[in-house]
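Chains as they are written, first to last, in my numbering: chain A, 1 to 204; chain B, 1 to 559; chain C, 1 to 319.
Please note that a few of the clues may not be correct.
[Unchecked claim] Negatives, chain B to chain C, calculated, CB over 12 Å: (1) Leu30; (2) Phe430; (3) Pro487.
[Unchecked claim] Partial chain A-side listing against chain B, Cβ under 7 Å, derived: (4) Glu6; (5) Gln16; (6) Leu20; (7) Ala27; (8) Phe32; (9) Val42; (10) Ala143.
Hint data in this document are derived by calculation from the structure and do not stem from the laboratory.
Ideal Cβ positions, reconstructed from N, Cα and C, are used throughout, including at glycine.
Here are the chains, one letter per residue:
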Amino acid sequence: MSGIAEQFEDVRQQEQSAHLGMWVFLATEVLFFGVLFFVYSVMRARYPADFAAASRHTDVAVGTINTAILLTSSFTVALAVRASQMQAVRLTRRWLWVTAALGAVFLALKGYEYYKDYSEHLIPAFRFSFEAAHARGAEVFFALYFATTGLHAVHLCIGIAVVLLIARNAARNEHAVEVGGLYWHFVDIVWIFLYPLLYLVSRA
Amino acid sequence: MNTIAAPLLPPSERPDSYLSAGYSVRSWLLTHDHKRIAILFAVSITLLFFVGGTAAALIRIELITPAGDLVSAETYNKLFTMHGVIMVWFFLIPSIPATLGNFLIPLMIGARDLAFPRLNLLSWYLYLAGAVVTIGALLAGGVDTGWTFYTPFSTLFSNTYVIAAVAGVFIVGFSSILTGLNIIVTVHELRAPGMTWFRLPLFVWAIYATSVILVLATPVLAMTLSLMAFERIFRIGIFDPQLGGDPLLFQHLFWFYSHPAVYIMVLPGMGVVSEIITCFARKRIFGYRMMAYAILAIAVIGFLVWGHHMFVSGQSVYAGMVFSVLSYLVAIPSAIKVFNWTATLYKGSIHFEAPMLYTLGFVGLFMLGGLTGLFLAALALDVHLTDTYFVIAHFHYIMVGGTVLAYLGGIHYWWPKITGRLYSDAWARFAAILIFAGFNLTFFPQYLLGVAGMPRRYHEYAPEFQVLHVLSSAGASVLALGFLLPPVYLLWSLRRGEHATANPWNASGLEWRTSSPPPQENFKEIPVVTGPPYDYSPQEGDSMFGQEARELGASASRS
Amino acid sequence: MNALFPWTPAASPLAGKVDVLLGALTALTGGVAVTIIALIIVFCLRYRHNTKADRTRAPADQRHRATRRIELAWTIIPLLLFLGVFVWAADLYYQQHAPPPDAQQVFIVAKQWMWKVQHADGRREIDQLHVPRGYPIKLVMTSQDVIHSFFVPAFRTKQDVLPGRYTTLWFTAERAGRFHLFCTEYCGTDHSRMTGDIVVMEPEEYTRWLASGPAQQTLAARGEQLFRTLGCSGCHGASATVHAPPLESLYGRPVALASGGTVIADELYIRDSILIPTKDVAAGYSPIMPSFAGQVSEEQILELIAYIESLRDSQGSPP
Numbered sequence: 001m002s003g004i005a006e007q008f009e010d011v012r013q014q015e016q017s018a019h020l021g022m023w024v025f026l027a028t029e030v031l032f033f034g035v036l037f038f039v040y041s042v043m044r045a046r047y048p049a050d051f052a053a054a055s056r057h058t059d060v061a062v063g064t065i066n067t068a069i070l071l072t073s074s075f076t077v078a079l080a081v082r083a084s085q086m087q088a089v090r091l092t093r094r095w096l097w098v099t100a101a102l103g104a105v106f107l108a109l110k111g112y113e114y115y116k117d118y119s120e121h122l123i124p125a126f127r128f129s130f131e132a133a134h135a136r137g138a139e140v141f142f143a144l145y146f147a148t149t150g151l152h153a154v155h156l157c158i159g160i161a162v163v164l165l166i167a168r169n170a171a172r173n174e175h176a177v178e179v180g181g182l183y184w185h186f187v188d189i190v191w192i193f194l195y196p197l198l199y200l201v202s203r204a
Numbered sequence: 001m002n003t004i005a006a007p008l009l010p011p012s013e014r015p016d017s018y019l020s021a022g023y024s025v026r027s028w029l030l031t032h033d034h035k036r037i038a039i040l041f042a043v044s045i046t047l048l049f050f051v052g053g054t055a056a057a058l059i060r061i062e063l064i065t066p067a068g069d070l071v072s073a074e075t076y077n078k079l080f081t082m083h084g085v086i087m088v089w090f091f092l093i094p095s096i097p098a099t100l101g102n103f104l105i106p107l108m109i110g111a112r113d114l115a116f117p118r119l120n121l122l123s124w125y126l127y128l129a130g131a132v133v134t135i136g137a138l139l140a141g142g143v144d145t146g147w148t149f150y151t152p153f154s155t156l157f158s159n160t161y162v163i164a165a166v167a168g169v170f171i172v173g174f175s176s177i178l179t180g181l182n183i184i185v186t187v188h189e190l191r192a193p194g195m196t197w198f199r200l201p202l203f204v205w206a207i208y209a210t211s212v213i214l215v216l217a218t219p220v221l222a223m224t225l226s227l228m229a230f231e232r233i234f235r236i237g238i239f240d241p242q243l244g245g246d247p248l249l250f251q252h253l254f255w256f257y258s259h260p261a262v263y264i265m266v267l268p269g270m271g272v273v274s275e276i277i278t279c280f281a282r283k284r285i286f287g288y289r290m291m292a293y294a295i296l297a298i299a300v301i302g303f304l305v306w307g308h309h310m311f312v313s314g315q316s317v318y319a320g321m322v323f324s325v326l327s328y329l330v331a332i333p334s335a336i337k338v339f340n341w342t343a344t345l346y347k348g349s350i351h352f353e354a355p356m357l358y359t360l361g362f363v364g365l366f367m368l369g370g371l372t373g374l375f376l377a378a379l380a381l382d383v384h385l386t387d388t389y390f391v392i393a394h395f396h397y398i399m400v401g402g403t404v405l406a407y408l409g410g411i412h413y414w415w416p417k418i419t420g421r422l423y424s425d426a427w428a429r430f431a432a433i434l435i436f437a438g439f440n441l442t443f444f445p446q447y448l449l450g451v452a453g454m455p456r457r458y459h460e461y462a463p464e465f466q467v468l469h470v471l472s473s474a475g476a477s478v479l480a481l482g483f484l485l486p487p488v489y490l491l492w493s494l495r496r497g498e499h500a501t502a503n504p505w506n507a508s509g510l511e512w513r514t515s516s517p518p519p520q521e522n523f524k525e526i527p528v529v530t531g532p533p534y535d536y537s538p539q540e541g542d543s544m545f546g547q548e549a550r551e552l553g554a555s556a557s558r559s
Numbered sequence: 001m002n003a004l005f006p007w008t009p010a011a012s013p014l015a016g017k018v019d020v021l022l023g024a025l026t027a028l029t030g031g032v033a034v035t036i037i038a039l040i041i042v043f044c045l046r047y048r049h050n051t052k053a054d055r056t057r058a059p060a061d062q063r064h065r066a067t068r069r070i071e072l073a074w075t076i077i078p079l080l081l082f083l084g085v086f087v088w089a090a091d092l093y094y095q096q097h098a099p100p101p102d103a104q105q106v107f108i109v110a111k112q113w114m115w116k117v118q119h120a121d122g123r124r125e126i127d128q129l130h131v132p133r134g135y136p137i138k139l140v141m142t143s144q145d146v147i148h149s150f151f152v153p154a155f156r157t158k159q160d161v162l163p164g165r166y167t168t169l170w171f172t173a174e175r176a177g178r179f180h181l182f183c184t185e186y187c188g189t190d191h192s193r194m195t196g197d198i199v200v201m202e203p204e205e206y207t208r209w210l211a212s213g214p215a216q217q218t219l220a221a222r223g224e225q226l227f228r229t230l231g232c233s234g235c236h237g238a239s240a241t242v243h244a245p246p247l248e249s250l251y252g253r254p255v256a257l258a259s260g261g262t263v264i265a266d267e268l269y270i271r272d273s274i275l276i277p278t279k280d281v282a283a284g285y286s287p288i289m290p291s292f293a294g295q296v297s298e299e300q301i302l303e304l305i306a307y308i309e310s311l312r313d314s315q316g317s318p319p
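Extracted from the complex, chain A is given alone in its bound form (with noise of 0.2 Å):
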C-alpha cells in the first residue's frame, strides 16, 4: 500500500481521493439507508399504536448492551487512528483488533436477539403471530425491524472484514486506517438511528 498508483502524481493526491471516494460513497449509503427510514416513517404516521405495540416486544436492554458496545468500538477505532497518526503502530493493530471484537460482540448479542424474535413468532411472513388488534401494522414494524437491523449487520460484518484486514496490512498506513475509520463511524451513527426508531418508540 505504500507505492503510489500510476494515475496519481504524489502521495497526497492519492491520500485524497481515498478519503473524498469514501465520502462520496458514504453519501450513497446515507440515501440507501435514507429509503429505509423514510419508508419507516410514513408507515409509523399509518400505525401509531402498533408501532408502539411492537416496538414493545424488542428486546430494550440487549439494545442499549449493543449501542454501548458500538459507541466504544468507534471510540477504540478512533484511538487506533490516533495510534496510527502517532506511528505507533502495534498499537494501532492492537485498537483496530478490539474494535473488530467490539463488532463481533454486537453480531452475537444481535443473532441472540434474532432467535429470541424467533421464539416468540416475530418474524414476518413465517409464522408471525401478534396480538390481533395490532397484528398489521406490528408485522409491518417488524419487516422493518428485520430490513434495517440485517442491512446494518451486513455492513457491521463489512466493517469486521476491512478493520482486519487493515490491521494485517496496512496498519502502517495512517490513511488506509483514517478511510477504515469513517466507514466504521458510519455504521455506528445508522445504529444511533435505528436504536431509538426501533427499541424507545414506546419506552420515552
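With chain A held as given, fit chains B and C onto it using these hints.
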C-alpha cells in the same frame, strides 16, 4: 487553450497507443485503463441498444393495425417492458457517462486515468452481470409490468419474472454508482496543474453533475426495488393496499429516482453538444459560466420535481401545485442552454461535418422535447395528456432526439481520437440526416395521437388513430435504417479508414493535445493549463480545419 | 373527424377551457420554436465558414455588459411567462378537483379488465356509463385489484383509480353522443381492452332510459338491507343495547377520535371503519367491532356507504 503540451506528432511517427498495449483477450478483460474500459462499455451498450431497438421495432409493427394481430397481448406487454428496461438502465443511463465520459474525463482534465481504475473495471463487470440477469429474465419468459414496476400490479398480480428483472436493475445500479463515484473523485482530485473549475470543459461539468445525481439517486431506486421484491416474496404490506400498504409511496420513491434519472440521461448530452458546437462554429461558448451554473441548477432542482409524474395519481391538489411550479423552475436552465447554443452560432465560422449535424439535430429536437414538457408541467393540461402518446413523444424527443443524437455526435467527434482512424464523413452525414428525418416522422405523429387521447401501452386501439400510427411506424423503419448505418461505416473505418492526426478538427481541448489514439498513460508529460477552454476564433481563417475536413471528405470518397 | 388529427371536440365546459390553455401554450411554444429554429438556420447560412460575413465584435467575452443583459433577459422573461402558465393551469386544475355540491353521484368499481358502474337509483352497467346532458356528474371510484385510470378524452379529464381508497372525477357533459372511455394506467394483459363508452343523453331520454331498466331497489335501499343481514343494525341500530356510535347524520361530519385527532367521515373513513375497525376508533367507544374484510365486496361497501349517506339526507344537511 494555451498549454505547455506534448508536441504534436506527425502521423508517420505513430507512437505506442493504448490499443497496441496488448492484444490478448486477457489484456482487455483485466485492463485497468479507462480508455479500454470505455470501449468495453461502448461495445456492450451498443449490443443492448440493438436488443432494445428490436423490441421497439416489433412494437411499431404491431401498431400498424388497430387490432392486436401480430403478437398476443401478453407478448406485447413484455415487449414494451423489455424495451423500457433495457433502454433506460442498460443504454441511456450508462451511454455517455460510461463510454465517452470514461474515455474523455481523464484526458480532458489532464490526468493519467480515473482515480480508481479497478473500481472502474468492477463497474463494467457489474453492468455485465446486471445485463445477463435482466436479459435472462426477459428471455426466460419476460416481465409484463412496464419499466415503472408500479405496485400493486408488480407485487401481487403479475405472474412474470419480476424479481429477476429487478435484481438485474439492482446490480446495474451499483455499476452506475461506482462510475459516478469514480468520476466525482477524479474531477475533484486529478485535475492537471492550472485546470481550475472554471477552466473545465462543459462536458466535464455535465458528467460531474450527472455523477452527483448517480450517486445520490441510484441508491434510492435500489432500496425501493428491494422493498418491492420484499413485498412480492414475503407479502409484507408496504405498497399494496390489500396488505395495508400505500401504492403512492412506491410511486413517490420510484420517481424520486427516476426523474433525476432523466437528467442523468440528458445532461451528458448537453455536455457533448457544448464541445461540438464550439469547435464547429470556431467560437467560444456563449456564456460559459451561465452554462456551468445551469448544469448544476438542473442537477439540484431535478431532485425536487418528481411529483409531476403523479398529477392524476391521487396525490393532493396542493402537492401537485408545488411540483408544477418547481417543474417550471427546472425548465429555465434548460431554456438558457438552448439560447446559449444558438447564440454561440452567431458570428461563428460554421462547418457542417457529421458531428455538427448530429449536434444541430440535438438542439432542435431537445428544444421541441423541452417545450412540450411545458405542456405536461401545466397541471390542467397534464390531466388530459398524461399517460397518452403525448408523453411518449415528449420523452423520446428528449431521450432519443436528445441523448442518442448527442451520443452519436460525440462518437463521431471523438472517433479519430478513440480509434486513430477517420470514417467516411459523407456516409456519416447521410446517416445523421436519415436519423433526423426518421425520428421526426416516428415521433411527431405521436404528439398528435396524444392530444387526441390515444393512451400509452395499448396493444389494440380505436380505429381512428390508425393513420397516425402508420405514419409513426413508417418513420420507425427509416429511423431503424439510420441506426444501422453508423456501426457499418464506423467498423469499416477501423480497417480501411485513414489514420487520424492528433487533432483532426483543430479543436482546443486537452484531449487533442496527445496522439490519436492516446498512449496508455494518456500524456507523455502532464500538460499545464493557462487559460479558459474553447480558445476558438472565427477570424483564424479556416485553413487548418478546412484541410483536415478535406482529408475526411477524401477518405470518404476512397472508402 | 380528421384522420391526421382524430380528436373529439371538447364535450364539457371545463374541456373547452383546457383547450383554450392548450391553444395558448401551443402558440407560445410554437412561436419560440419557430424563432429559435429560424435563428439557427439564418446563422448557419450566414456564418458558414466560407462566407464573407462580418464576424468582428462577436459577443464572445462573458464579461461583456450587453451579454449580461441578454442573459438576464432570457432568464427572466421565460420565468415570468412560465409562472403565468402555471397560475392559469393551476386554477383550472383546482376547478377540475372541485365538483359542484349538487353533482349527481355515480360509483365506479374498476377491476382487471372492466369498469363496473352503479347509479344511485340502483341501475348497474359494465363498460358503459349513461349520463344526462347538462347535469354535473361526480364519479366516486375505487379499484378492487391494481391501479387503473379513468380517462375520457372528450372531457379532457382523467383520474387514477386506486385500490383501498376513493378518488373522484367530475364533469358536465354539454353534448349528447357516445364518447371513448379508456383505462390509462397500465393494469395487465388486457389493459388495452379496458375501454368503454360514455353515453350522454338528453335529460328526457335519460329518464326514459332509467325507467326502461329492470325494476330494482336504489343503492341506499340495498345498503340498508345489507346493513341488516350483516348484523350491523344489531349494534348501530336505534334499539341496540351495545355501545356503538350512531350513524345518523354521520356522513360528511367531523368525528373525534379516541387517539385525539378528528377526521371527516367521508367514504374512505366509512370504508376503513368497516374493514379495519381498529384503525380510527371514535372517541368514547371501545374497539369491539369485528372486521368485515373478506365478507363484503367493493360494490357492497359502496352500497353501505350510500345507505349511511342517505341517513344524513333524511335528517337534513349538516350545518
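Quick rundown of the hints versus the structure:
1. Leu30: It holds; Leu30 of chain B is separated from chain C by about 43 Å at its closest Cβ, greater than 12 Å.
2. Phe430: Correct as stated: the minimum Cβ-Cβ distance to chain C is 18 Å, above 12 Å.
3. Pro487: Since the minimum Cβ distance to chain C is about 28 Å, Pro487 of chain B lies beyond 12 Å and the statement holds.
4. Glu6: holds (6 Å)
5. Gln16: holds (5 Å)
6. Leu20: Status holds, d = 5 Å.
7. Ala27: Result: holds, 6 Å to nearest chain B Cβ.
8. Phe32: holds (4 Å)
9. Val42: holds (6 Å)
10. Ala143: Since chain B brings a Cβ to about 4 Å from Ala143 of chain A, closer than 7 Å, the hint holds.
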